[in-house]
Amino acid sequence: MGPTALDARLRGLLDRLRTTVVARRPSLLVRAGIPVLVVGGIALLRAALFSEFAPWFLFTPAVVLIALLLGGAAGLWATVLAAAFAGTVLLAAPPVGELSLTQWVASAVFIVTTAGLVGLVVALRHALIEAETSHAALTRSAAAAAEREAFVTNVLAASTDCIKVLDLDGRLTFMSEGGQQVMEVSDFNAIRGCPWPSFWTGQGHDEAVAALAAAREGRARSFVGRACTMRGTPKWWHVALSPIRNPDGTFDRILSVSRDITALRESEDARDHFVRLAENSTDFIGMAQTDGRIVYLNGAARRMVGLDDAGPAALTLTDLVQPEQVALVTAEVLPAVERDGHWSGELTFRDFRTGATIPVLSSLFPVTDGEGRVVGTGTVTRDFRARKQAEEELRLLNGELAHRLKNVLAVVQSVTRQTLRSATDMRQASEDLSSRLVALGIATDVLTHASWRSADLRDLIEGALGPHGEIGGRIRLAGPALTLQPQVAVALALALHELATNASKYGALSNDAGFVDLRWHVQGEGEGARFRLDWRERGGPPVTAPTRRGFGSTLIERSLRSYFGGTTDIAYRPDGLVFTLDAPLREAILTSDEA
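Start counting the sequence shown at 1; every next residue gets the next number (this note's numbering).
Watch out, some of these pointers could steer you wrong.
Said to hold, decoys possible - For lysine to aspartate or glutamate, the following EDC-like pairs were computed, each having C-alpha atoms within a straight-line distance of at most 20 angstroms:
1) LYS505 to GLU391
2) LYS235 to ASP269
3) LYS235 to ASP161
4) LYS235 to ASP272
If you're looking for bench data, these hints aren't it; they were derived computationally from the structure.
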């Protein structure tokens, strides 16, 4: 048997002995009874097989074993019992009751020697107990360390974070199993020792260098950056660096923990895009929780209902509408959203500053989370005030147009009737009626440009006289810029047409030398101000008064007097016809306030 095998046998024996000694915790009765039985048995065996003078040290192995297994008290008790049994045997031998000097010395030596051995064995027992206690503690500590190591290993393997250890130069020395998966690393040895900042580009590289410098100084630092995996997949990471300190506070390694936040970043980007879209929209966009409390209103929404930038604090959906529509929202609108998934219709919001009613077209719909659960109600609402105003204006315009058309038709009817009545034949009647309707059309064109609210005097004159001669040539105009009342424009256009037609047939425009001089002006101020228009013909053939008054003369005099509320005068002078209109300014012309 070699030394190594012998050492192993001895170590095994000591381990079993240590375990046996420590494992035994006998009771007092056992510690007292076993020495009696063992020592008594040896005494009987000694007397039977040997003689009463056999060496007392036959008891020593038993006493030592008792002391080792049962403790010092049991060993001393066994020593006393051995001395007592041996002494009893000696005293029973002749001479009875006497011991020789040698026997006394042998007894003393036995007691002292055995007691000393018991003391040594007790010390050995204590050493074995302490050794077993230390061994158990070491075993537990090793098991705990192994458990902790296994736990840390499992945590690192299960974590989806990329956990790395760097040296102080920033080179990779370790990467967790989970980190290798998220970074798509097939062989860590291929990147072991690589400078960690080189994985980052652009601003991320600058942030990585700054974080590494902070960690070298003993400070923790984090940043968000973009880096590609080993397979080239671009990802966003939240990174934290901190020194790994030794028990004495020093450090020679750096911990780097990177978390993949690509999905979160994309979600934030999508949310930011939505917020920018909502904030740039001119429509009312809002969202409320399931209890109706409003949690978001975009800028257009806040401006529409008169809220400041502080937002919709403590407001609910029903607070937006006028009180008379609260029941509609709670009883019809919101149940329809829950039942049908949407509701669209007209509502009336209120302005929180003025209390004014705001007509709106609202669309409401449920808002769900990522798992499809309804978390609130959204609305996109359009301000209908402009449309309602346009509808009202259209209604008024249609009414005004109907009124104007009736008036125009009445004028057409009157012109037609008077033309036919005064005509000598149908051909002449057709020509006269056509020319008069053209003049009427010109007047309506001028009125239409101003939405039938007014007519520019010069535009009306040029439109009515343009077909009969060159404006500024044979037809000369002079007068200030004035705006006619709409009710007099048609009458004046027809009158000017009749004057120009008469001049073309019989007056100044019937030859190559004559011309018409048309002037207008305002006389006086205030309530007494008057409008005056003068038509003068020059250079035409001699003029004589007609023997019969036709429709033209009647239209010029009666129609203008009626519409303008003034006076008219036609003078058939030999050198040319002169027509004068004199009327109150307020009846003929729109003032600046009215315009």
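Hint by hint, here is what the structure shows:
1. LYS505 to GLU391: Roughly 49 angstroms separates the two Cα atoms, so the pair is violated.
2. LYS235 to ASP269: holds (14 angstroms)
3. LYS235 to ASP161: Measuring from Cα to Cα gives roughly 13 angstroms; hence the hint holds.
4. LYS235 to ASP272: Roughly 19 angstroms between the alpha carbons, so the hint for LYS235 and ASP272 holds.
Figure legend: structure checked against the earlier numbered hints; the only hint not met is number 1.
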